[in-house]
Amino acid sequence: MSGSGVVKKVAGAAGKAGKAIDWDGLAKMLVSEEARKEFANLRRTFEDVNHQLQTKFSQEPQPIDWEYYRKGIGSKVVDMYKEAYESIEIPKYVDTVTPQYKPKFDALLVEMKEAEKASLKESERIEKEIAEMKEMKVRLLFSKQGTCYCHIHAVMVMSFSCAQKKISTMTADEYFAKHPELKQKFDDEIRNDYWGY
Numbered sequence: 132m133s134g135s136g137v138v139k140k141v142a143g144a145a146g147k148a149g150k151a152i153d154w155d156g157l158a159k160m161l162v163s164e165e166a167r168k169e170f171a172n173l174r175r176t177f178e179d180v181n182h183q184l185q186t187k188f189s190q191e192p193q194p195i196d197w198e199y200y201r202k203g204i205g206s207k208v209v210d211m212y213k214e215a216y217e218s219i220e221i222p223k224y225v226d227t228v229t230p231q232y233k234p235k236f237d238a239l240l241v242e243m244k245e246a247e248k249a250s251l252k253e254s255e256r257i258e259k260e261i262a263e264m265k266e267m268k269v270r271l272l273f274s275k276q277g278t279c280y281c282h283i284h285a286v287m288v289m290s291f292s293c294a295q296k297k298i299s300t301m302t303a304d305e306y307f308a309k310h311p312e313l314k315q316k317f318d319d320e321i322r323n324d325y326w327g328y
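Following this note's numbering, the numbering of the sequence shown begins with 132 at its first residue and continues without gaps.
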């Protein structure tokens with residue numbers, strides 16, 4: 132295989148590799164701003180190298196006009212250079228790097244997926260804890276008597292608490308079904324004409 136054939140083959144493989152990478156999918160997995168910047172640099176560098184492989188290095192070299200040189204230099208010297216030029220063999224590239232780093236990369240992918248699962252689990256736990264704290268705040272608002280807390284404020288906090296829990300369709304009846312002691316307190320205060328002020 133000639134030198135230009137090898138370069139074309141490498142350029143073609145690089146082009147296919149670039150299309151096979153799900154850059155947007157990978158970008159969605161990044162959490163920190165620093166990671167996003169580094170990822171953008173990696174993508175830009177990859178695309179620059181790929182572009183060079185597709186354009187600059189995949190071009191066929193200009194054919195040498197041996198007759199032009201024979202007229203000016205002499206055929207003995209030109210024939211010697213032509214023979215040397217045609218005997219050049221470009222060695223085939225043997226990839227020794229990928230086999231070393233592929234297992235490490237695969238291990239990092241597995242580690243990343245495990246970290247993602249742990250992160251999602253922790254995020255879920257924190258969301259649940261936040262929701263519980265907001266419920267406690269609502270209970271506290273209902274339990275304080277003789278202060279300036281009014282029912283409208285308590286209902287607004289309760290609604291905010293429900294929205295934070297990502298239960299956008301939860302009604303007051305559903306909330307009170309979950310917390311009957313608050314419904315009883317709310318009904319008693321309305322019945323006794325107590326509005327918190």
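Everything labelled a hint here was simulated from the structure, so no lab data went into it. All C-beta atoms, glycine included, are put in the ideal place defined by N, C-alpha and C. Honestly, I wouldn't trust all of these hints.
Unchecked claim - FRET-style restraints, in silico, Cβ to Cβ:
id	residue 1	residue 2	range
1	217	177	27 to 37 Å
2	259	312	19 to 29 Å
3	325	167	25 to 35 Å
4	223	197	25 to 35 Å
Okay, the hints, checked on the actual structure:
no., hint, in the structure
1, 217 with 177: 27 to 37 Å, "holds (36 Å)"
2, 259 with 312: 19 to 29 Å, "holds (21 Å)"
3, 325 with 167: 25 to 35 Å, "violated (53 Å)"
4, 223 with 197: 25 to 35 Å, "holds (27 Å)"
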